[in-house]
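> Listed below are the residues making up each chain.
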Amino acid sequence: MAIRKAKTKRVKAAPKKRAAAARKADAVVTEIIRNGLVAITEQMKSNLMRTACNMIIYEAQDFTVGLFDASGNIVSIGIGLPMFVRGMGDTVKAMTAHFGIDGIYPEDVLLTNDAYITGSHLNHMTFAVPIFHDKTLVGFSACMAHWQDIGGSLDGMTKDIYSEGLQVPIVKIYERGKPNKDIFAVIRMNVRLPERAIGDLNAQVAATRLGARCFLDLIKRYGRDALLGGIATIMDHAEAIAREQVLSIPDGTYVAESFMDDDGIDKGQRVPIKVKVIVAGDEMTVDLTDVSKQVKGFYNSGEATGRACCQVAFKCLTSAVEKPINEGSFRPLKIILPPGRVVSAVRPSPMRWWMTFPMTIVDTIFKALAPAIPDRVIAAHHADLMSCMINGRMPGDGRIYLVSGGLIGGGWGAKQGEDGASATICINDGDTHNSPVEQIEAKYPMIVERYALREDSGGAGKWQGGLGVEKVVRAVNEFMFNVQIERVHCRPWGLFGGHPGAGNQIAVRAAGGEELNFPSGKVLARLLKPEEAYILRSGGGGGYGTPLDRPVAKVESDLREGYISRERAERCYGIVFRPGGNEVDLDATIARRAQLRPSFEHLDWSDAAETEHDDHSAADGAFTTGNPALFQRCC
Amino acid sequence: MNRRSDSDLPRARIAADVGGTFTDVVAFDEVSGVSRYGKTLTTPAHLVEGIINGVHKADSQLSGTRLFLHGTTIGINTLIERTGAKTALLTTKGFRDIYEIGRINRPEAYDLFFQKHLPLIPRELRIEVTERISAGGAELIPLDEQEIVSIAQRLKAMDVEAVAILFLHCYANADHEIRAKRIIEEQCPGMFVTSSHELSQEYREYERTSTVAANAYIGPRVRSYLQEVDERLALEKFPGTFFVVQSSGGLFDVSHAQRECIRMLESGPAAGVIGTQAVCKRLGLADAIAFDMGGTTAKAGVVLDGEVMMAGNIMIGGYTQGLPIQIPLIDIQEVGTGGGSIARIETGGGLRVGPQSAGSSPGPVCYGLGGTEPTVTDANLVLGRLAPDRFLGGDMKLDLEGAKRALQTKIAAPLGMNMLDAANGIILIGATTMSHVVTRVTTERGLDAGDFAMVAYGGAGPLHAGLVARELRIPKVIIPLSPGHFSATGMLMADLRRDFVRTWFTRLDSVDFAAMCKLYDAMEAEGRQALENDVAGSGKISTVRAADLRYAGQEHSVTVELPMQLLAKGDRAGIKKRFDAVHAQRFGFNSPNDPAEIVSLHSSVIGRLEKPVPKPLRRSTKPVKPAHRRKVYFAEHKGFVDTPVYARSDLPAGAKFKGPALVEEYASTTVVFPGDKLEVGKYGDLIITIDRR
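Quick mapping for you: the protein sequence lines, in order, are chains P and U. FYI, the numbering for the first sequence is 1 to 635, going by our numbering. FYI, the numbering for the second sequence is 1 to 693, going by our numbering.
To be clear, the hints were calculated from the coordinates, so they are not data collected in a lab. The beta carbon of each residue, even a glycine, is placed where N, CA and C say it ideally should be. A portion of the hints provided could be inaccurate.
[Claimed, not checked] Derived list of chain P stretches under chain U, where covered just means 3 residues or more per stretch with a C-beta under 8 Å from a C-beta of chain U: (1) 236 to 245; (2) 407 to 420; (3) 440 to 453; (4) 548 to 562.
[Claimed, not checked] Computed cross-link-like contacts, BS3-like style, restricted to lysine-lysine with a CA-CA straight-line distance of at most 30 Å: (5) K576/U x K181/P; (6) K577/U x K178/P; (7) K220/P x K658/U; (8) K577/U x K443/P; (9) K577/U x K220/P.
[What the hints assert, rightly or not] Interface residues of chain P toward chain U, partial, derived using beta-carbon atoms under 8 Å: (10) E31; (11) I32; (12) R34; (13) N35; (14) A39; (15) G199; (16) A206; (17) A320; (18) N434; (19) L586.
Extracted from the complex, chain P is given alone in its bound form:
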């Protein structure tokens, strides 16, 4: 389905609400508090990263720390993962409801990993400590982080939450400072790597306690009323910034639809992602009612994540770099999300791969708003962590090891005025790092043969989508290999005539060198023998604007640098070369571009999501829908 504007009023409705400007707080103290809150969550973050025991926390930064008010509203979040923006706050609220305000004491440490509360998978152990000042609960300090293992089946597809590991309901792991040894024992018995798990637990508890201590220091410094008043003012300011941005978006109802390849069980059955965005004055509503119902495979996530999709998209468009991240920024946003959708799944639907679908929802919100704010949105990105779960035994002592392969980055969409970024982590993650090849090879019995950009993978456009990457990893000793990659067929779309980027791909290379592709992108519980290799190829970003408008000099430079092939220059960019070399015939190129233009403009490239994948094509996913004649000419 094409981008469509159902209703656009150019005249803005009057803003309904204004930030409560009446609140009076000292501007200087407020700013000092604002800086202080950002500094506290930064400190919590660095403390956690330096003390955590698993790479998913300290390299992938799969965690978030934050401060919350006594009702669970976000005061300051240190990202981590942007998609965690809701999970912690909603969890703190659930904890408060569970114990009641009177049931929470100083020095308590609250814990849960209830997937339907955090909105994500069971690996996300979420801790919160209440902050008391003079016996009054003034807030919470919390930390959500990914444990390497939480028990459950190691390989294959899960079909309900019970097979995904240990579920810890809302509990007090410390009550009034005293550890509950029974819960520690339950955890130790249910996870594969208890030392690391307890190490991560300690790191998380230390980080949350640090946050609480620093928050109390601010109170000591400026007084409770000044601090809480300052926080209220900071939220009002954040709200005002967001409202001003929404006000600049033309009123209207904007819809867009995209698809996921499948849910891993009903192979090839596309999963629709349909969003509606309503802009009225300085308020925005995102309606996810028409997003697919929850699915059989483990791609579901909970309501907290469905809401996070909307908030992440909203923050990107309204106050991307405003800090601290706080509840005020989200006040102009309303979210409609009935239960039972793939991003508001209910028990006992499986949630292990919670993070993939929401990224495409965020991209689809940008797609919906593209006609309204063409200069502020971005074409689709590869939208997958490209993560693979590997487990095996160390050759020396037979110890079990679990390693998260992948996290290789991929192409991002182009924007008005800028090419897309290459080889960058998807929107679910933020300051997430890949693992150095030298580290992987030192720690695990595998050899990385190649980690490189994928030529021609960026969607062609006036501004070109970023390039995806390819990583080839050979087994030295055998290991089990699981990967669940999406958007193999439903490729990252372009905007305003920009072409789609290449889809994500996964392949296994047999010892003989033959490459087996997996058109579904999903390889479950495959034993990789020595000398066999897995190959991850991440997709490129969608292009922006018709490629025929890309300056010839840029195409030449891309060709010289090897980012694109000569064939692509000819087919997608209408470049004509002089015979016998790479020199561009400018006149012929102008003529060729004029000739191509009508056919390029007829096809709506922005909607070109569907690809029938050629299982044996090694490089770019072949593009075969739409006009086959055109395909001959382009991409």
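Starting from the known structure of chain P, fit chain U onto it as the hints suggest.
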């Protein structure tokens, strides 16, 4: 380039710190113990001229000089301005894009318009080589030497000026890098060739690539610059030795500096921390925070137990888009708050200070050079802490009315505040922001800033140090002599130094001490060889061994110093105990029952130089008279108070007074806040005890 002559022993040491705006020269006379200063404008077209001007302004001669110590921003500017050489990278097959892929992170996670780092070497000049070494150092694929020869021919044909070589796991086996370098050098005489293991033997291929690429990129320019300085020194009949300051705070000789250019990127800031260490020593302090505030940034470093705290890498150009350099250097954190930081009102009404800066052009409103946005310096002027007719010794008149107008119309009126409250607020916000950068080198390292003294310098440091200290409950602030020249002074206090880090993964409980000591011995032998010539006659060589240790399974390690007796005894338990203790201090917990592993071995080889002994100041405890008095605003007094202003040159050792007061000197003003007490130390340091109410 050692021109020491025994027959004629000159007695001066000259340090020259060339910055973007100013060239600072300090000449220290070893006989009289007196320092003379020369501040001149940097001469960008011909940097060496600025140095010579500075030497003359300091009333000194290079012909009578024994040591010439130099810090320069030429390396970092070449990187940031992207004016380096046409550079190629040779790397292991399959990995030429490592440099462009980087670490794939998006630190500004919600910013759709984020930008990645931009490699210094374009993709077409990143060339893959057939070779492969394993993590254990075994040769998996032999080096194709013939291929290197043909690559060398291509490089020549393309007019490449510099070549960086990075092969995977070279720290485990550098043979391929060594051979490839030798072939390129043979084939391309005169080309600047550098290989990664010479700079970093630590794992992390992207960071090492970035390091060696940057070294190649700036190499030709830095090499010829140092050559030019050296020749000019010869022309001035300089008979002594020429050393360059590294980011580690140590000195190295020009021949090393010309090959390992990347080590001098942060020489100025590093020298400031070395200066702080020297201040600690002369005042008998074990711990101090080095606080350096200039026009656009504030920086903080730490001296702990008399030693400077080090880090293993730095991002040049900032965390989000910067290029990592992986070498041992002084741990200095930076924030975009300085005298030029602009105050503005954000949508919704929030008052923000920085990181936007008016810089030196157009500069603050009060400079009268076209600046229209109120800055921290404007606020200081309005509050009377700077005087309109006394800036830079009266060389530059400041526009007080303009500053008032800007603060009134841009900040005070929209916020409904009194203009003076607004100005004071801007200063306070700046101070708290700067306090957070201090936190980053203390609290985040498990240290409590309140246990430290603070040595404040840089043009704007002494104006703000009292406030930053209050934020952090720091009890004592020290303003050294000539805080505006402090980096140059610090250079005089530096030692020769070579740092080595070598990745060597092994479990501590099964470590082979003989193998370990062999690695240390090799690093030390290389270091000694590099330094022996330079220290001969004027110092002695010592070595420090340390290791990066972590709990098995963790990634983040801590550097633990390893005393020789622990190594000699092969005392695993003793090392483990030390590690557990450092871990607890740094991270707040430890796991004594968990096994530890060694990640990297560190060796520092230090050639101790005799330090200049400053001359004690004339001592007098008689009450000192202020040079004049003026009205200065202090929030504690809710307005302006009549405040004594002392000329620093009038203050003898032992002079004492209480705040509020100002101490003025060339290029710097110290604010003594109400309640604080100042005493002048034996060597002229202003020692301010902060009021802890």
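> So, for every hint listed, does it hold in this structure?
Verification of the hints:
1. Residue count for the segment 236 to 245 of chain P with a Cβ under 8 Å from a Cβ of chain U: 7. That meets the three needed, and the coverage hint holds.
2. With a threshold of 8 Å between beta carbons, the proposed coverage of the segment 407 to 420 of chain P by chain U holds, since 5 of its residues qualify and at least three are required.
3. Requiring three or more residues with a Cβ within less than 8 Å of a Cβ of chain U, the coverage given for the segment 440 to 453 of chain P holds, as 9 such residues are present.
4. Coverage of a stretch by a chain is defined here by at least three residues with a beta carbon nearer than 8 Å to that chain's beta carbons; for the segment 548 to 562 of chain P and chain U the count is 3, and the condition holds.
5. Among the hinted pairs, K576/U with K181/P is consistent with the structure: their alpha-carbon atoms are about 28 Å apart, no more than 30 Å.
6. Taking the CA atoms of K577/U and K178/P, the gap is about 27 Å. The hint holds against a cut of 30 Å.
7. The suggested pairing of K220/P with K658/U holds, with an alpha-carbon distance near 27 Å, which does not exceed 30 Å.
8. A C-alpha spacing of about 25 Å is found between K577/U and K443/P, which places the hinted pair at or below 30 Å, so the restraint holds.
9. For a cut-off of 30 Å, the pair hint linking K577/U to K220/P is broken: about 37 Å separates their Cα positions.
10. Restraint check, E31/P versus chain U: the minimum CB separation of about 5 Å is within 8 Å; hint holds.
11. Checking I32/P against chain U: minimum C-beta separation of about 5 Å stays under 8 Å; hint holds.
12. For the restraint placing R34/P at the interface with chain U, the shortest Cβ-Cβ distance is roughly 7 Å, inside the 8 Å limit, so the hint holds.
13. Interface hint at N35/P: satisfied, since its Cβ lies 5 Å from the closest Cβ of chain U, which is below the 8 Å cut-off.
14. For A39/P, the suggested interface contact is upheld, since its CB lies about 4 Å from the closest CB of chain U, less than 8 Å.
15. Satisfaction of the interface hint for G199/P is found here, the shortest Cβ-Cβ separation to chain U being roughly 7 Å, below the 8 Å cut-off.
16. Checking A206/P against chain U: minimum C-beta separation of about 5 Å stays under 8 Å; hint holds.
17. Checking A320/P against chain U: minimum C-beta separation of about 4 Å stays under 8 Å; hint holds.
18. The beta carbon of N434/P is positioned within 8 Å of a beta carbon in chain U (closest approach about 5 Å), and the interface hint is therefore held.
19. Violation of the interface hint for L586/P is found here, the shortest Cβ-Cβ separation to chain U being roughly 22 Å, above the 8 Å cut-off.
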